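We have chain A; now place chain B with the ligands onto it with these hints.
Residue numbers (the numbering used here), protein chains in the order written: chain A, 17 to 509; chain B, 17 to 509.
Calculated from the structure, these hints are not laboratory results.
Heads up, some of the hints might be wrong.
If several chains are the same, the list does not tell them apart, and a pair holds so long as it fits within one copy or across any two.
Within a straight-line C-alpha distance of at most 30 Å, the following computed BS3-like cross-link-like pairs (lysine-lysine) qualify [said to hold, decoys possible]:
(1) Lys100 with Lys321
(2) Lys223 with Lys332
(3) Lys123 with Lys290
(4) Lys502 with Lys290
(5) Lys290 with Lys119
(6) Lys231 with Lys414
(7) Lys191 with Lys142
(8) Lys414 with Lys459
(9) Lys204 with Lys332
(10) Lys400 with Lys142
(11) Lys119 with Lys488
(12) Lys502 with Lys410
(13) Lys100 with Lys231
(14) Lys204 with Lys119
Small disclaimer: the values here were computed from a predicted structure and weren't measured.
2 protein chains.
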Amino acid sequence: MSNYDQLISHYQTINHFNHAQAMLGWDAAANMPAGGNEARSNAMAELSVHVHRLSTQPQLSEWFNNAENETLTTEQTASLREMKRQWLQATLLPEELVQAQSKAGSKCEHAWRTQRQENDWTGFEKNWKEVVTLSREEAQIRSDILGLTPYDAMLDKFEPDTTTVSLDVLFSDVKTWLPELIEKALAKQQTESIIMPSGIYPTAAQKSLGLDIMKLLKFDFDHGRLDQSVHPFCGGVPSDVRITTRYDESDFVQALMGIVHETGHARYEQGLPKAFAGLPVGEARSMGIHESQSLFFEMQIGRSKDFITHLLRLSKDAFNAHKDPVFTEDNLYKLYTRVDKGFIRVDADELTYPAHVILRYEIERDLINGLIEHTDVPEVWDEKMKATLGISTKGNFKNGCMQDIHWTDGAFGYFPSYTLGAMYAAQYKATMTQTVDIDAAIKSGDLTPIFQWLSDNIWSQASLHTTDELIKRATGETLNAAHFKKHLEGRYL
Amino acid sequence: MSNYDQLISHYQTINHFNHAQAMLGWDAAANMPAGGNEARSNAMAELSVHVHRLSTQPQLSEWFNNAENETLTTEQTASLREMKRQWLQATLLPEELVQAQSKAGSKCEHAWRTQRQENDWTGFEKNWKEVVTLSREEAQIRSDILGLTPYDAMLDKFEPDTTTVSLDVLFSDVKTWLPELIEKALAKQQTESIIMPSGIYPTAAQKSLGLDIMKLLKFDFDHGRLDQSVHPFCGGVPSDVRITTRYDESDFVQALMGIVHETGHARYEQGLPKAFAGLPVGEARSMGIHESQSLFFEMQIGRSKDFITHLLRLSKDAFNAHKDPVFTEDNLYKLYTRVDKGFIRVDADELTYPAHVILRYEIERDLINGLIEHTDVPEVWDEKMKATLGISTKGNFKNGCMQDIHWTDGAFGYFPSYTLGAMYAAQYKATMTQTVDIDAAIKSGDLTPIFQWLSDNIWSQASLHTTDELIKRATGETLNAAHFKKHLEGRYL
Ligand SMILES: [Zn+2]
Ligand SMILES: [Zn+2]
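The following block holds chain A by itself, in its conformation from the complex (with noise of 0.2 Å):
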């Protein structure tokens, strides 16, 4: 057996384990009783154990080093880079520090749970000051190792090859023309009346509404499902890819938003190339495109007029809601977008949503390169929220500075994903319109041709290509900020 053919046999093997890791992961937040919270930790923790330990075995490194010399297909030598990417990254941390830092995130992230509700910034700051300082640890370690500056070897982790250099760039230029673009919409909105949600939407009603929604979007429901828990994710494996939302019976519009954002991530999913399948290679890119999908569904087809029709005919035989002024196309539009300058990032809407972003952006940014401390964050945060909202945040730490809780288990680098994943999104509709006709499509409730074009430019390339050579590749251009400006105008103004 080749040493290539030895790597693929091993990354299969990882696989299985990662199979289980993902389906207990899954159960433990859709299922799980709360009494079976130790023994599945345990368990979960083992498994990640073994999975550290096969991707970390000795000879790896050899069997690296020979599959370099050996005779590769151009998918072949993709395949050995994106083995060899999971194995630097899991091999390049000491054992200790990963340790300290699962403990250390573990703790801030427990005791955040209270504390901040209980807006205790001096509580979380002495956890989290430990957090900080092992993250910029490894982020240093990363540094020397992949020759990069520090928050951009924390970047690497989600957004491979994405650098600062890059992000300052787009993010800039949101930035000269986003808080106009708020203010202009918010101007035109309070012209408008809305009707919002006052009635009571069953949790089975909005469940098979759900379904329906999901049967439109073509997910694959011999390779899926979709169930409830607290926290709404995509997870699975691509051949069995579970998806959850939560629901609440005094409004349908955030479960079944949500429910259009998750089936996107499971199409990716479900999408990726079989010939690759449990291997990295034929794994999602980055979570800037998985994020990419999940907001083509939500964004670019879920919020336009043509989505919401069919929404509106579905919902009002869901609800049995033929009578009520909630479900007009007009409200059904207004309601999903509807913009407000919030606190908080998980409820802004599309066009409030990057200003959060990039405040987060340039805070751990700054944080991980050693700029500023942990305990100038609020005060920062504060400044930065005037600016880009016009709202503070003093003394309000638990709507500040202490709500995601990305943070305070030292997820720094992950934050970006989220609207570069909006304006791929974008970028991907300008490109799609040149060849099909997107809203005909939409319409008709046959969206094929829309699948299509996401599956032979985005799915089944899985991680044959860097992000950069994926986005040329599919649009003919890497990322640019003018065509997001374009969809938020043309939807906004």
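Just chain B with the ligands now, kept in the frame of chain A:
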């Protein structure tokens, strides 16, 4: 660390992978869409290989040798004995035989699924020949190592320390009185009228009723849940027990009593001692003891007149059937104690069930010991069915020797557990009556005294004692068919 402690730590590690295996198995039956099967099978096979590797690690031999000379408490000695038993089970067969069996068993079982429907004995016989040959080989190896007869060596997998000698005594006792008892019961029931369920009993109502029954039986919902699957079972892990049932909207009878049965299995698992969680000594004693719990719940509690009264009250509400003549105390009791001489074991009632089991026991015993050949089975089956239940299966293979899945993949030695379970359950009842007012407890709706007895005598004892010791401690004697006879006569005469 002592070698004993090393063993403990090692078996806890194994347990974490078994946790994953158990949950993936439950999910495959309760949730997984068909398209997820291939990846799931691969993941589960990988976990099996890994558990096997851990269970047969070379250093275990030395650890066991040394641990036996270390100073251990009585409980530690029992713990060591049970670890060693699992180690022996994992190591005594040559790898190639296990693989050949797995292959032949899968092939035979898979083909059987259609062959059974088509009554195709000739086709089945060709595959089954290999399964029987390999099982005999397995039995011979086990026999040589364990110093037991070949069939006793197979029994040992499911019922450690139970032998053909003891089963022959018990079952020949049953055979002296069972046929006559069946005839008498049938004669008695012939004069009675019964109203069969004929309504529509919605799945949602059956499920909600099932949950009510589980509450009455004090199922711990913080450590388990109820779901649906094609074949009802009790899975998961002791801290998170997953039971399933299947619903037939034209008949509630089976689903409800199925839930009572699985709740018995579940409470045994939930009641296993926390101090030995994750260790062999903390596991259920045997298949027969497991079945003694499910059958205590189903036959001793569930089919008692006082429990039927609860069932009546709850089901009248659940089905809104206060005026339906099916739902009277008398009729419901008749439905749950109806005797019928049929071909199919899984459809058999409490009274004829032992006849089905004893027939299989006698055949598999002689088959494994080489007294008959696999081609003799249909004829022997027919003779025995005529002798015990007075019905012929000549040429009717699908309702005769091809009806069960067990033999298709070589699970010889399992069948006796069912009737052993029923007999143990009757014996517990006889003892329990001396200290617990069982009828009063059931009538009151607070069954705690009954569960306390089971917990003290069975659940909390896990595998601390051999089966015979366990039963002697609980009831003052080893298994005695007289209690079973008395129970059946009391109910059916
Ligand atoms: Zn997403
Ligand atoms: Zn059972």
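Hints versus structure:
{"no.": "1", "hint": "Lys100 with Lys321", "verdict": "neither (45 Å within a copy, 68 Å between copies)"}
{"no.": "2", "hint": "Lys223 with Lys332", "verdict": "both (14 Å within a copy, 29 Å between copies)"}
{"no.": "3", "hint": "Lys123 with Lys290", "verdict": "between (40 Å within a copy, 26 Å between copies)"}
{"no.": "4", "hint": "Lys502 with Lys290", "verdict": "neither (36 Å within a copy, 62 Å between copies)"}
{"no.": "5", "hint": "Lys290 with Lys119", "verdict": "between (37 Å within a copy, 26 Å between copies)"}
{"no.": "6", "hint": "Lys231 with Lys414", "verdict": "neither (39 Å within a copy, 40 Å between copies)"}
{"no.": "7", "hint": "Lys191 with Lys142", "verdict": "neither (33 Å within a copy, 75 Å between copies)"}
{"no.": "8", "hint": "Lys414 with Lys459", "verdict": "neither (43 Å within a copy, 54 Å between copies)"}
{"no.": "9", "hint": "Lys204 with Lys332", "verdict": "within (28 Å within a copy, 59 Å between copies)"}
{"no.": "10", "hint": "Lys400 with Lys142", "verdict": "within (24 Å within a copy, 77 Å between copies)"}
{"no.": "11", "hint": "Lys119 with Lys488", "verdict": "neither (41 Å within a copy, 49 Å between copies)"}
{"no.": "12", "hint": "Lys502 with Lys410", "verdict": "neither (34 Å within a copy, 79 Å between copies)"}
{"no.": "13", "hint": "Lys100 with Lys231", "verdict": "neither (38 Å within a copy, 53 Å between copies)"}
{"no.": "14", "hint": "Lys204 with Lys119", "verdict": "neither (49 Å within a copy, 70 Å between copies)"}
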